[in-house]
Amino acid sequence: AQTVTQSQPEMSVQEAETVTLSCTYDTSESDYYLFWYKQPPSRQMILVIRQEAYKQQNATENRFSVNFQKAAKSFSLKISDSQLGDAAMYFCAYQSYGQNFVFGPGTRLSVLP
Amino acid sequence: AAGVIQSPRHLIKEKRETATLKCYPIPRHDTVYWYQQGPGQDPQFLISFYEKMQSDKGSIPDRFSAQQFSDYHSELNMSSLELGDSALYFCASSLLGVQTLTLAFFGQGTRLTVV
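Residue numbers (my numbering), protein chains in the order written: chain S, 1 to 113; chain P, 1001 to 1115.
There could be a bad hint or two in this list.
Partial list, derived from the structure: chain S residues whose beta carbon lies under 7 angstroms from chain P [what the hints assert, rightly or not]:
| # | residue |
| --- | --- |
| 1 | Gln44 |
| 2 | Leu47 |
| 3 | Arg50 |
| 4 | Tyr54 |
| 5 | Leu84 |
| 6 | Pro105 |
| 7 | Gly106 |
The hints are simulated quantities; they were obtained by calculation from the structure and are not laboratory data.
For each residue, glycine too, the CB sits at the ideal point set by N, CA and C.
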């Protein structure tokens, strides 16, 4: 069974600085998707960034980028120029082509003014 | 370690039927959340419970109801099912402290197909 691990329950970053959230996963499949979701207090799940495993190029979305290391099964999220609105829970998630979807336990990010 | 258990894992129902999804949180967790994820969509928050009381309500249709029982497990009841209800339904549990943002552990989901 696939598993997703986020080893940092809490992280903090100074406004305008850069922070990296870690995620590792375990799977025997070669094709899959990886996601980072942001969850503000409203409980919504907002897609931050998505990566297809067959793509070697790291996904980037404005201030958000990932470092995808397929061999190491690592998928970290880098947030540049952190803003107060980035404070939230961040969930790393894995989805196989067979639609099996697995979430990590989350990392709580605080942004300090 | 025990994780969040959802049952059933797969469910096929016909239109206008009723479905009940169950969620068993991690032991000692007092909060349960329900999410609905349609094909190719982000998970949508439906409802949450803290200490057996509804704590937050999201985009849950009136045809759906949910409750949390004395043993903290939760059930999502869905009536008059529509084709658009076909989705993956996630349950997550957490131990709610004084902070509003808490680690949540997700179950593997129940895939509901309405035909």
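Which of the listed hints are not met by the structure?
Violated: hints 3, 4 and 5.
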